[in-house]
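Student: Spelled out, the chains give:
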Amino acid sequence: AQTVTQSQPEMSVQEAETVTLSCTYDTSESDYYLFWYKQPPSRQMILVIRQEAYKQQNATENRFSVNFQKAAKSFSLKISDSQLGDAAMYFCAYRAPNRDDKIIFGKGTRLHILP
Amino acid sequence: NAGVTQTPKFQVLKTGQSMTLQCAQDMNHNSMYWYRQDPGMGLRLIYYSASEGTTDKGEVPNGYNVSRLNKREFSLRLESAAPSQTSVYFCASSERSGYGYTFGSGTRLTVV
Numbered sequence: 001a002q003t004v005t006q007s008q009p010e011m012s013v014q015e016a017e018t019v020t021l022s023c024t025y026d027t028s029e030s031d032y033y034l035f036w037y038k039q040p041p042s043r044q045m046i047l048v049i050r051q052e053a054y055k056q057q058n059a060t061e062n063r064f065s066v067n068f069q070k071a072a073k074s075f076s077l078k079i080s081d082s083q084l085g086d087a088a089m090y091f092c093a094y095r096a097p098n099r100d101d102k103i104i105f106g107k108g109t110r111l112h113i114l115p
Numbered sequence: 001n002a003g004v005t006q007t008p009k010f011q012v013l014k015t016g017q018s019m020t021l022q023c024a025q026d027m028n029h030n031s032m033y034w035y036r037q038d039p040g041m042g043l044r045l046i047y048y049s050a051s052e053g054t055t056d057k058g059e060v061p062n063g064y065n066v067s068r069l070n071k072r073e074f075s076l077r078l079e080s081a082a083p084s085q086t087s088v089y090f091c092a093s094s095e096r097s098g099y100g101y102t103f104g105s106g107t108r109l110t111v112v
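Sequence order for the protein chains is Y and G.
Straight run, no breaks: the first sequence in my numbering ends on number 115.
Straight run, no breaks: the second sequence in my numbering ends on number 112.
Wrong hints could be hidden among the right ones.
[As the list claims (entries may be wrong)] A few chain Y residues that don't get close to chain G, going by computed Cβ distances all over 12 Å:
1. Glu15
2. Thr20
3. Phe68
4. Gln69
5. Lys78
6. Asp101
[Claimed, not checked] Straight-line C-alpha distance at most 27 Å; calculated DSS-like pairs for lysine-lysine:
7. G/Lys71 <-> Y/Lys107
8. Y/Lys73 <-> Y/Lys107
9. G/Lys57 <-> Y/Lys107
10. G/Lys57 <-> G/Lys71
11. Y/Lys55 <-> Y/Lys70
12. Y/Lys107 <-> Y/Lys70
These aren't lab readings, by the way, just hints derived from the structure by calculation.
Just so you know, even glycine gets a beta-carbon here, dropped at the ideal spot from N, CA and C.
Given the sequences, and given the hints that come with them, work out the whole structure.
Tutor: What follows is the structure, given as structure tokens:
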């Protein structure tokens with residue numbers, strides 16, 4: 001069974017600095033999709049970034065980028081120029097390509113931004 | 001606005017009471033899901049529906065039932081609420097495999 005592991009329950013970063021959130025996953029599939037979701041105090045789940053496993057190029061969305069290492073089954077999220085609004089719970093997630101496959105979530109990393 | 005609408009946003013139940021959480025999406029998505037979120041546990045799948053007329057169990061289905069009423073609506077029912085079902089519940093929908101979910105705003109349920 002696929003699993004997603006986030007080894008850092010909490011992290012802190014100074015405003016304007018860069019922080020990297022770690023995620024590893026386990027799968028026997030060769031084709032799949034990976035995601036990072038952000039959950040601010042409002043509780044809303046917001047999709048931050050999506051990566052297709054068959055693409056070697058790392059996905060980026062403005063200040064958010066990933067380091068996707070397929071062989072190592074690692075999918076870290078880098079947040080550059082951290083802002084107070086980045087404070088949230090971040091979930092790493094995995095989805096296999098079949099039609100009925102569900103998204104599997106890690107347990108989350110709570111990110112604190114220090115002013 | 002297009003999206004996933006969940007009701008209610010907050011609910012307090014007494015042990016043994018029943019209730020139904022409602023979810024509707026207006027994006028014409030085939031797949032819909034119910035997750036629960038507990039501290040330190042991430043999001044765990046309760047039930048899902050890959051298409052209208054089908055439902056399947058997820059990781060933690062015990063104590064819950066679901067109904068896919070039509071393509072838009074997917075409800076979650078607690079027949080006899082227990083304190084262990086105190087949680088935040090999320091409904092989500094998906095266009096197709098490979099894409100992320102669109103989530104509702106969640107329901108915070110407390111069972112006393």
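Student: Please write out, lowest number first, the hints stated earlier that are contradicted by the structure.
Tutor: 6 and 7
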